[in-house]
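Asks: Take a look at the letters that make up each chain.
There are 2 protein chains.
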Amino acid sequence: MSEVYAVRRTRVRECCNAGGSAAALVSRPANVRYLAGAAPEGAVLLLGRTEDVLVCAGPPDDRSPQARPDEALRVHVVPRAGGDAAVAAAGLAAAQGADSLAVEEHHLTVARHRAIRSVASRLRLADVGCTVEQLRVVKDEEEISCLRIGAEIADQALGELLESILVGRTERHLALELERRLVDHGADGPAFPTSVATGPHAGRPGHRPTDRRVEEGDFLSVCLGATYRGYRCEIGRTFVIGTAPADWQIELYDLVFSAQRAGRESLVPGAACRDVDRAARHVLDSAGYADALPALTGHGVGLEIDEDPRLTPAAMGKLDACVPVTVEPGVHLPGRGGVRIDDTLVVRPEADGGPELLTITTKELLAL
Amino acid sequence: MSEVYAVRRTRVRECCNAGGSAAALVSRPANVRYLAGAAPEGAVLLLGRTEDVLVCAGPPDDRSPQARPDEALRVHVVPRAGGDAAVAAAGLAAAQGADSLAVEEHHLTVARHRAIRSVASRLRLADVGCTVEQLRVVKDEEEISCLRIGAEIADQALGELLESILVGRTERHLALELERRLVDHGADGPAFPTSVATGPHAGRPGHRPTDRRVEEGDFLSVCLGATYRGYRCEIGRTFVIGTAPADWQIELYDLVFSAQRAGRESLVPGAACRDVDRAARHVLDSAGYADALPALTGHGVGLEIDEDPRLTPAAMGKLDACVPVTVEPGVHLPGRGGVRIDDTLVVRPEADGGPELLTITTKELLAL
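Here the protein sequences come in this chain order: A and B. Quick note: the first sequence uses full-length UniProt numbering, first residue 1, plus one each step. Quick note: the second sequence uses full-length UniProt numbering, first residue 1, plus one each step.
Each hint should be verified, as a subset may be incorrect.
You can't tell identical chains apart in this list, so a pair holds if it fits in one copy or across any two.
[Unchecked claim] The list that follows gives simulated cross-link-like pairs (lysine to any residue, SDA-like), each with its CA atoms no further than 25 Å apart:
{"no.": "1", "residue 1": "K363", "residue 2": "E14"}
{"no.": "2", "residue 1": "K318", "residue 2": "D84"}
{"no.": "3", "residue 1": "K318", "residue 2": "Q134"}
{"no.": "4", "residue 1": "K318", "residue 2": "G83"}
{"no.": "5", "residue 1": "K363", "residue 2": "E163"}
{"no.": "6", "residue 1": "K318", "residue 2": "H113"}
{"no.": "7", "residue 1": "K318", "residue 2": "G159"}
{"no.": "8", "residue 1": "K363", "residue 2": "D247"}
{"no.": "9", "residue 1": "K318", "residue 2": "T362"}
{"no.": "10", "residue 1": "K363", "residue 2": "G288"}
{"no.": "11", "residue 1": "K318", "residue 2": "V167"}
These aren't lab readings, by the way, just hints derived from the structure by calculation. From a predicted model like this one, the values you see are computed outputs, not experimental measurements.
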């Protein structure tokens with residue numbers, strides 16, 4: 001594994017050098033983990049002129065065996081009374097003879113930036129921008145395999161829930177049970193707060209579980225994900241409670257299903273992100289639901305649950321192979337509920353069989 | 001409630017005006033919630049020259065009835081494609097005729113700060129510092145009542161766990177069960193990730209639960225807390241598994257108990273934070289455990305789990321009445337385990353009965 005991290009660090013260093021900076025300071029935790037193998041709380045990574053150093057705010061965390069720092073990295077521990085890891089890293093950069101340091105201006109606070117400037121006044125500070133985030137977009141097979149295992153875990157947790165009695169249980173209880181099952185099956189934890197939405201809440205993106213109980217005739221929409229070795233996936237499904245769905249429920253479900261399929265089928269390398277969004281959105285738009293639609297119909301996943309690319313009407317850029325994304329259109333009708341269907345897929349070329357579906361729970365409309 | 005928020009906002013505005021700024025932009029979520037009653041994701045609060053405005057990045061969240069924005073506040077929604085709430089708020093400040101705007105430099109990123117400067121170039125940007133955090137230190141009785149209810153919930157969850165069979169269960173399962181019970185009893189959710197540490201892990205501050213199972217003879221240390229209406233409390237206890245604790249376990253427990261009691265008893269209005277720390281630390285130091293001690297022996301709690309004041313050897317400042325703090329000394333012996341005892345208390349004058357203990361679970365050494 002160590003080589004992988006070294007290669008990633010080299011790529012970031014090359015970008016920085018090309019931008020005129022001798023060294024870079026990476027502070028965003030997911031970026032630190034991507035380049036160093038682990039991101040202990042408060043740690044930053046210095047990509048130095050002569051040496052890379054993981055600068056930790058306290059003794060490194062040995063609790064998670066899957067998240068140990070790359071052994072090829074020097075680890076520098078800042079004594080707790082000695083202040084901030086970013087400031088210490090800037091000091092190390094200066095001591096290595098760097099005259100300029102690129103920082104993550106979209107993550108570093110104004111106050112930390114100022115503190116760095118004051119301890120390393122001869123260091124010219126530049127912006128590394130989203131260099132690391134951009135590198136993270138295309139995944140290697142090791143990363144995809146973590147996402148695949150996470151998706152299996154989420155599928156298992158969801159499958160077990162569907163076999164249990166649901167009527168009368170609250171959204172909160174169902175969400176907690178799903179999270180327990182994720183951990184039972186080997187997840188590090190939930191990838192994001194599990195959403196369980198019943199009746200009028202169903203279909204709302206990001207709905208936070210309430211004490212509402214599942215009732216006969218409800219739509220029930222569930223969105224959950226597992227974190228496995230740091231990688232986060234997402235699955236969302238909508239069900240009907242009771243034996244026979246109402247006609248409006250079948251119609252709405254079929255419509256969202258068609259939209260989601262259109263989105264999935266447009267996931268090819270080279271497709272514009274906005275075109276994938278449009279493929280899904282168009283189906284719902286032309287059925288008259290333009291106002292009921294969320295701002296985005298999908299997004300990248302990886303070490304964070306909401307990464308680039310974003311599938312929105314205004315998105316720039318194209319999809320590459322080996323980019324995992326969600327496709328998650330939905331419709332929510334205030335007061336009535338709605339439908340959301342959400343998969344995690346990996347963009348793959350046609351020759352490799354097209355998009356790889358990681359979350360394989362059925363998308364038939366199940367009546368539970 | 002509305003008046004409470006208006007009074008708080010007035011106090012912040014007065015501080016800013018005294019510092020020469022006509023308006024202030026509050027972006028740290030806990031600070032936004034403190035001043036506005038709610039902090040929808042991505043929202044910021046403008047304390048304007050002529051009007052205060054809660055600037056939201058999307059439609060405000062109506063999911064949590066306990067966290068609705070103060071009705072006296074104007075709510076301005078930035079269209080999703082229209083960018084950042086902080087930038088929009090700076091635009092509003094300028095439109096109100098402010099010539100200067102104080103921002104939270106310890107929270108705002110360099111990139112957002114730059115974006116604000118570029119849209120509102122005539123606005124002089126200053127630093128509001130930790131004005132809001134400092135106001136938050138002393139709680140009113142309404143806030144303390146939320147903490148008290150949260151502590152009751154945590155006590156209940158812990159009490160129920162102690163009645164169940166523990167041997168053979170993993171740290172992860174016990175932690176999840178505790179979190180489920182917190183929610184069962186009415187918590188918004190856990191106040192922080194629940195820590196369950198067995199055997200050699202016991203006594204480690206912030207230990208993340210693993211798959212290790214509880215064994216006979218183990219120390220078991222548990223640290224959990226409930227969030228209630230946004231307010232977060234904390235309780236930590238250590239137990240012994242089996243009928244008879246070993247001599248070293250009894251000795252270590254008694255020692256940590258004495259240290260924790262010394263800390264609790266020194267919680268009086270006017271006490272220096274470092275003296276409270278020293279009271280607890282001295283007991284452990286003089287028993288030869290100087291190297292096994294954590295960096296802090298307690299901290300404030302409130303809308304965040306780790307607030308000012310901090311009880312450390314280098315802490316500045318004194319305790320006021322109505323400041324809730326944890327007292328949580330512990331000793332961890334690598335390879336053997338350890339003990340941690342953690343309470344949330346409110347500093348009260350002697351005349352009112354001295355420190356108010358919110359977490360009332362027994363601190364006798366229970367053998368489970």
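Asks: Each hint should be assessed against the structure and marked as holding or not.
Replies: Comparing the hints with the structure gives:
For the identical chains of this complex, K363 and E14 are neighbours neither inside a copy (45 Å) nor across copies (57 Å), given an alpha-carbon limit of 25 Å. Proximity of K318 and D84 under a CA criterion of 25 Å is satisfied inter-copy only: 24 Å between copies versus 38 Å inside one chain copy. In the homo-oligomer, the alpha carbons of K318 and Q134 lie at most 25 Å apart inside one protomer (12 Å), although the nearest pairing across protomers, at 47 Å, exceeds that limit. For the homomeric pair K318 and G83, the shortest alpha-carbon distance between copies (22 Å) is at most 25 Å, but the shortest distance inside one copy (42 Å) is not.
Within a single copy, K363 and E163 get their C-alpha atoms as close as 16 Å, which meets the 25 Å cut-off; across copies the closest is 42 Å, which misses it. Proximity of K318 to H113 under the C-alpha cut-off of 25 Å is found in neither arrangement, the shortest distances being 33 Å within a copy and 29 Å between copies. Taking the shortest Cα distances, K318 and G159 never come within 25 Å of each other, neither inside one copy (34 Å) nor across copies (54 Å). Taking the shortest alpha-carbon separations for K363 and D247, only the intra-copy value of 18 Å comes in at or below 25 Å, while the best inter-copy value is 60 Å.
In this homomeric assembly, K318 and T362 never come within 25 Å of each other (Cα to Cα): the closest approach is 29 Å inside a single copy and 60 Å across copies. Taking identical chains as interchangeable, the C-alpha atoms of K363 and G288 lie at most 25 Å apart only when both belong to the same chain, with a minimum of 23 Å there against 62 Å between chains. In this assembly of identical chains, the alpha carbons of K318 and V167 never lie at most 25 Å apart, being 44 Å within a copy and 54 Å across copies at closest.
The structure shown violates the earlier hints numbered 1, 6, 7, 9 and 11.
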